[in-house]
Amino acid sequence: NGQTARVTITRPKATQQVISSAIEIPIAALKITPQGSFVFTVTKSATSTDRGTLVMHKVTEGALLGERIQIIDGITGDMILVTDVRGLQDGAVVTIKQ
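For the sequence shown, this note's numbering gives the first residue as 1, with consecutive numbering after it.
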């Protein structure tokens, strides 16, 4: 009680650099499996406007930025991604809500 202490906190340098051309996505949009990391898109059904099929796309991840992660290969800026992939499987039929 009444004593003082001096503390120095040393942070390790980041092992991955931030890549300016990478696309950032929420971590919840990334499915990590033993076969690699994937994101999902939805292919709309030709017979129903409110139904679609999930399609997995293999990606290469970059730096982790808080609750987001950089994707440096495997997606393009015009892809519409599923933002929460927990429990989803490739080829599953889903309902699309507008």
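Source of the hints: derived by calculation from the structure; they are not laboratory data.
Fair warning: there could be bad hints in the mix.
[To be verified] Simulated crosslink set (PhoX-like; lysine-lysine; CA at most 25 Å straight-line):
id, residue 1, residue 2
1, Lys58, Lys31
2, Lys58, Lys44
3, Lys31, Lys97
4, Lys44, Lys97
5, Lys31, Lys44
Hints versus structure:
no.: 1; hint: Lys58 - Lys31; in the structure: holds (9 Å)
no.: 2; hint: Lys58 - Lys44; in the structure: holds (20 Å)
no.: 3; hint: Lys31 - Lys97; in the structure: holds (22 Å)
no.: 4; hint: Lys44 - Lys97; in the structure: holds (12 Å)
no.: 5; hint: Lys31 - Lys44; in the structure: holds (21 Å)
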